[in-house]
Structure formats: C-alpha cells, structure tokens
Amino acid sequence: MQTLEILEEKTAAAKTAPINGSQAVLEALLHEGVDTVFGYPGGAIMPIYDALYDYNDKLKHILVRHEQGAIHAAQGFARVSGRTGVVFATSGPGATNLVTGLADAMIDSTPVVCITGQVFAHLLGTDAFQETDVINITTPVTKWNYQVTDATEIPHVLAKAFYIAGSGRPGPVLIDITKNAQLQLFNYEGYQKCEHIRSYRPKPIVRKEFVEQAAALINAAERPFVVFGQGVILGKAEEEFKAFIEKAGIPSAWTIMGMSAIPTDHPLGVGMLGMHGNYGPNVLTNECDVLIAVGMRFDDRVTGRLDKYAKQAKVIHLDIDPSEIDKNVKTTVPVWGDCKETLPLLTALVTRKIHTAWLNKFHEYRKKEEEKCIAAELNPAGDEMTMGEVIQLLNELTKGDAVIVTDVGQHQMVACRYAKYNHSKSNITSGGLGTMGFALPTAIGAKYGAPDKTIVAIAGDGGIQMTIQELGTIMQFQPDVKILILNNNFLGMVRQWQQLFHEKRYSFVDIQSPDFVQVAKGYHIEGQKVSERSQLKAALETMLNHKGSYLLEVIVGKENNVFPMVPQGRGVAEIVLSKDEI
Amino acid sequence: MPNKNNTTTGTTASDKPEYTITVYTENQIGLLNRIAIIFSRRKINVESLNTSPSEIDSVHRFTIVINETEEVVRKVCRQIEKQVEVLKVYYNNNEEIIWQELALYKVPADIIAAEVKVERLLSQHGAKAVVIRKDYIVFEVAGQREETDNLIKVLEPFGLIEFVRSARVAIIKNSEGFHKKLKEFEYREPGEETIENEYLSHNEEVFSM
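Protein chains in written order, with this note's numbering: chain A, 546 to 1127; chain B, 3 to 211.
There may be inaccurate statements among the hints.
Claimed, not checked - Covered stretches of chain B, as calculated for chain A (at least 3 residues, CB under 8 angstroms):
id, stretch
1, 20 to 33
2, 70 to 81
3, 85 to 94
Said to hold, decoys possible - Heads up, simulated BS3-like pairs for lysine-lysine below, C-alpha to C-alpha not over 30 angstroms straight-line:
id, chain 1, residue 1, chain 2, residue 2
4, B, 84, B, 155
5, A, 605, A, 753
6, A, 781, B, 108
7, B, 119, B, 108
8, B, 77, A, 872
9, B, 136, A, 885
10, B, 84, B, 175
11, A, 875, B, 119
To be verified - Distance ranges between label pairs, derived from CB positions:
id, chain 1, residue 1, chain 2, residue 2, range
12, A, 886, B, 45, 34 to 44 angstroms
13, B, 39, A, 1049, 38 to 48 angstroms
14, A, 743, B, 32, 11 to 21 angstroms
15, B, 32, A, 668, 11 to 21 angstroms
16, B, 176, A, 912, 30 to 40 angstroms
17, B, 132, A, 743, 50 to 60 angstroms
18, A, 781, B, 45, 30 to 40 angstroms
19, B, 60, A, 832, 22 to 32 angstroms
No wet-lab data here; the hints were simulated from the structure.
The beta carbon of each residue, even a glycine, is placed where N, CA and C say it ideally should be.
Here chain A stands alone, though its shape is the one from the complex (with noise of 0.2 angstroms):
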C-alpha cells in the first residue's frame, strides 16, 4: 500500500503548512479512495482546476463535452463499480447543465458527489457573471447539497458529502465551492472520515417482530411471488438474496432497475416486471397469495393502475427506505431496513420450498409470451430486421458478460426483455427518469469505473443525438466503449403510442439522423452500418473485437412495436400481447 504511506505523508506534512480549499478538495478525494473525476473546467473552478495540475499522477480527470455527459459519466462509474462518481463543473451554465443528471440520479439512486464552482462570496446575489442559485436549483434533486464560503469547511463537508451520498439510499450530493475558498489558505489539520450525522439515519433499525411475521406468512403461502429492485444490487446483497430465493423456492421477477441482480438465467428467476415486461410475471403478480418486494419502490410503471394491483395478496415490503413503505401499495408487513441484513435474517426463518406447480404457471406464461411475441421478434419472417434479434446475437457473442448501457425508448424496453446477464451490476440503464441521451456519456464512465468489462452502449437515432457530443470524449481519453445504434428512422416509442392510442397522428416523430458512421469518423472512431440481416453477425463480431471504440448502426423496422404491453390507466393483468388486443 504505497500509495497510502505517500498518502500519510502528505497529510503529516500538509498539518503543518498551510493548503488553500481547493488542495483541500483534492486531499478529500483522495482519502475518499476517488482516483477518476469527470468535469469540465470554467471561471468559478479554475483554482481546484489550477491544483488539479499537481495532482495529475494520482487523480484521473476525463474532460467531457458537456457537464450533463460528465454527471452521467459518473452515474456510470457509480452503477457498475458500486462506488461513488464525482463531478467537477463550474458556475452557473456549467452547473445547470448537470440538473437532468442530478435528477436521474436522485430517482435512481446513484451515488455522485458533484462539487461546482460559485462565484466569490462577496458576489453572491449580485447577478454576477456566471452566478446561478444553484443550491436552490438542486435542492430537490440532490439528497444533500452545501454551499462552502469559507475553506476550513471543506474537510468535513466533503466527508459529509462522500457519507450521505454513499450510505443509506445512495444518492447525488452536489457541494458548490465558492471562489474565494477555493483560493483561501486555511490550517489543513488532516481530513476525517465522517461516519455519523446526529440528525441522519441511513438504516432504519430491523426489528425482529417483522421479520419473524414476514417469514410466518411466506411459510404460508401457496402462491408466493418475489419482486425485487435495485435495492438488491445498492445492499451488495446479491447472494442473501439468491439464498432466500432459493430456500423458499419463490419465483421471482425483477424490475428493470434489479435486473442482473441475479443471473438472467437463474431457475427461480421469472422475468421483468411493468409495462413492457414479462406476460407471466405481470399477470401472475395478481395471483400470488404472497407478494414480497425487496429493494423496490412500485414505481407506477411497474404497478400499472394502483387500484388492480395485487389487491388478493399480502405485502411484505423490505425496503431501506422508510418512506417508501405504504408510499404506493399498502403494505401488510413493512421489514424496514438493509435488505443485506434483513434477507438473511428472514431466510432463517423460512422453511424449504419447492413450488412446483406455481412455478409451472409462469412457465406456461412464458410459452404462450414466447408463441405471440417472443417468436417473431427473434426471429422474424420479414426482411426487416429487429432490435430483438440483434440483442439476441449480441448475447450469443457476448455470452452474457458484457455491461450493456441503453438509453431510453424501445430500443431500451427490449434490451432489458432480452439481454442475457450472468453478473450483477451489468445492466445499465435510466430507470426512474428515463432520460434519452444517457446511454453514451454513461458508458464511458462504465469503462473507467468496470476497465475490465466490455461495455456496450446501445442507443436508438433519437437518443444518440443528444449527447453525441461525448464521443468527443472517446477520442481523446480512448476509452473501449461499443456504441450500438439501432436506428428505426423514427423516435420509436413515441411513435409506438401515437400508433396505438392517438390514432396512427405521427407528430414530430419523423427524425432524421446525421451519417452516425462518417461522424464517428470525424471523431476518428470506426464504425460502420449494416442493413442486411447477413451481414449483422460478422459487424457485431467486428465491433466487439475491435480493440477500441466502435460504432455500429442497425437499421432496424421502422414500424416495430414493443409487446407485451400493460397500456397506462389499466392493471397489471390486463397486459396485451398485441396491437389487437388494446
């Protein structure tokens, strides 16, 4: 442990010479184990920038094209890592900039410290260059933020931000720096972890009563179903959760937040929940006679109507979050706390299950699913082809161990039906905001924060284009990230609504697309487009040994619909298998 003795000395010899706030960042950063910080510079940050300069050798900084790339950079970094991203940008615009980020991180609970430069203190308030109130701004989309205007609060306010972003429910924390700390030389008295907040609680206490209730009702249940989120993943309780699972035998599903938590393959695993999930997990979630949440917050689009959703079941919610419990479906027994410490504990308690019969159900399920949906998607009768087929192929090659990023849209609805996972932490996607433009910037904050991993970003034509500025990115710092665009010349899911529920009125989702291979190209990333099912293989097996970057566009059929589909307004149960159907 070299670098921590160099560690050590620095900090013996920073106590007795004095260091201005901005060294005073960087040290924090460096105790907090952070070695890649995405940002970009401007005038209210220029001093941390400026002391960036010495701290080269130890702190990674990658320069993206847009401070909303830098944010979901670090979301990358954070959601495959399970470690904290960080963020640097600067005042006002720079600090705007990073909000949808922020918000996504927040729904999605991502942990990501992002420290943003202000104006001096004497200027807060005057309208000052570059001066946005960014405090107020991100107040509801940050679980934390501070403003610092004097630099002997920097130490223990970044050990507050590294805490709260990290513990509990994770989630983003954004520190603003005015300039004059920055610069102000202080007595640095070496940096201390927090590790308590009098008045922050980040893990309820587990009561047993509820635990021992919880297991009392599954060992009586006949039909007992398991939902679970990303909670599973966030509590690194991967493998208390497969042991529960699997003592009691419960067919479990996952949303699209806890998928690849376990394998996709996993016998117990049943599939993906909500609006474009599986037929069985959907309509059985209103047979169960038990429903156990674990690490999941009924997002609506995973409930579909409130009103039809497992009214008949008992609900054991395990959640970390006690807000969460009752917050949309009532619930019978709340098991308040780390799922990392409560699975285990109710996992004792359960008896050894199989149920077989119950299992079965999904399984047939899943067969009339694979007859009317699944078939033709995979493989289709036409020429056209489909994003399902390409996942498909993509999965064969990748075997199920790359990290695959989306965006939003379809193309994202049916890489999370379909893509095959064999590791926890490899689906990357956003979740609770649904932000387009994610996918890209978001995986390459994946590679630096999974360098060994082959990370797959796939995106469709609208998507890529707002935030295709970060290949720029790509090309200067290299990071191997493969870039799949499947384009259907439309904004497909919006399309797919207009379709189904305005009448077939295509408005303003005819978008056009620049040349994505020659634009590649000027950033000097390779790439190229197929449109021939024949040839689709050879450029996936292209793209992935591709020792570099990649960009692969897909043309895709430009009227392709996502099905199974619980339209809005209705119940789980009513999912349709078709556009016949609604």
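Once you have looked at the hints, place chain B on chain A.
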C-alpha cells in the same frame, strides 16, 4: 373542524382536516426551502409555517399547518424526516395539541379615547395594549383563529389601521419533549440506530418514524 374562516388564502382545501406538523431540525441555511418544496411539489398549500428555537439549544423547531388527509400527511412527514438535517417529525390533529397564534391590531388613538365601549370590547377579547402613542394604539391578542378573527370584525367599524397575525405555534399534549430522544441521537455509537418505527405500536397517537 373549527377555525375555518378563510381569511388567509383562497385555496384552502377546507373539506380536509387540519394537521399540525412539528419538525425538529438542525439550524441550517436552505433547510426551510428543502422542507417547503416537499409541500409545493405535491401542490399542498401551507396554511401556516413558523420556525423557532426549540427546548433544546441548537435544535430548531418548525410548526407547519396544512389541510390534508391523514394518509397524505403521513407520507409528507416521512419525506420530511428523510431529509438529512431533519431530526424528527410529528404530526397531530387539533385535539392533540395546544395551539395559539398572536395577532396585532393598530387602532387610531382618538377613537379609543372618544369611545369608551371600544376599550370595553378590547378587554372582553383579552386584548392588551403593547404600544400607546398619541396617534394610534397597538393591541395584541393571543388565541386561536376564531378569537383573533372576531376582534377584526369588532374593530373594523372603529377604523382598524393595520392587522397582522403570526403563524401557529403548538405544543403537543402527549409528547415528553424531544430532549431524551435527542440524547439518544447524539450519543449512539455510529451505525447503531434508534428505534424508528415505533409509531406502529403507538396506536398512531403520535407520529414517529
């Protein structure tokens, strides 16, 4: 529910019961906004909001009044308690609290001098003169909404110059204060947590997560 003379805002959801939310917090810049937007995001009108020190040094106390169903109030309270700098949240209906508002009335001095009955009316309403000047007198009344509202009507014919009423302050009848709880918060070893979901076994008398 009493106290439904909507002299404050026009958008009161008067068919919903009134709840008083008591929030113990750190004294931190920006926290008022963080709490306020929890209401505005859900389009809930804040009928009254008061911030003050609490019985504990360095701990602030918010008293917030809204008209909402208990279910909504409970959810909102959980969202408030989730904020990093919030220590504790309680919610209560009007039967569970003792509450007061303070009203000030500025009245022309000459009328008071001329009309003896005004002085009688004032004392009937428990008004106390806080400032007496040649040109006007300022009276104060502490009480509930009905009482302070009534005095407006009484004084209007005599040329009420100015009127202002404070936010509600409330004491929870049932609570034993926050002192003991706070000590737990402060002295617990990091990681060890206080009992959180005691409201479940408390007959929902006092909200507490």
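Hints, one by one, checked against the model:
1. 20 to 33: holds (count 4)
2. 70 to 81: Coverage by chain A holds for the stretch 70 to 81 of chain B (4 residues, Cβ < 8 angstroms).
3. 85 to 94: Coverage by chain A holds for the stretch 85 to 94 of chain B (4 residues, Cβ < 8 angstroms).
4. B:84 to B:155: violated, 43 angstroms
5. A:605 to A:753: Cα-Cα ~45 angstroms, so violated.
6. A:781 to B:108: Not OK: residue 781 (chain A) and residue 108 (chain B) at ~64 angstroms, beyond 30 angstroms, violated.
7. B:119 to B:108: holds, 17 angstroms
8. B:77 to A:872: holds, 7 angstroms
9. B:136 to A:885: violated, 73 angstroms
10. B:84 to B:175: Holds. Residue 84 (chain B) to residue 175 (chain B) sits at ~25 angstroms (cutoff 30 angstroms).
11. A:875 to B:119: With Cα atoms ~59 angstroms apart, residue 875 (chain A) and residue 119 (chain B) exceed 30 angstroms; violated.
12. A:886 to B:45: 34 to 44 angstroms: Once the Cβ atoms are compared, 37 angstroms apart, the range 34 to 44 angstroms for residue 45 (chain B) and residue 886 (chain A) holds.
13. B:39 to A:1049: 38 to 48 angstroms: holds, 40 angstroms
14. A:743 to B:32: 11 to 21 angstroms: Once the Cβ atoms are compared, 18 angstroms apart, the range 11 to 21 angstroms for residue 32 (chain B) and residue 743 (chain A) holds.
15. B:32 to A:668: 11 to 21 angstroms: Distance hint for residue 32 (chain B), residue 668 (chain A) holds at roughly 19 angstroms.
16. B:176 to A:912: 30 to 40 angstroms: violated, 58 angstroms
17. B:132 to A:743: 50 to 60 angstroms: violated, 39 angstroms
18. A:781 to B:45: 30 to 40 angstroms: 38 angstroms Cβ-Cβ, so the 30 to 40 angstroms window holds.
19. B:60 to A:832: 22 to 32 angstroms: Violated, at about 54 angstroms.
Consistency with the previously given hints fails for numbers 4, 5, 6, 9, 11, 16, 17, 19, ordered from lowest to highest.
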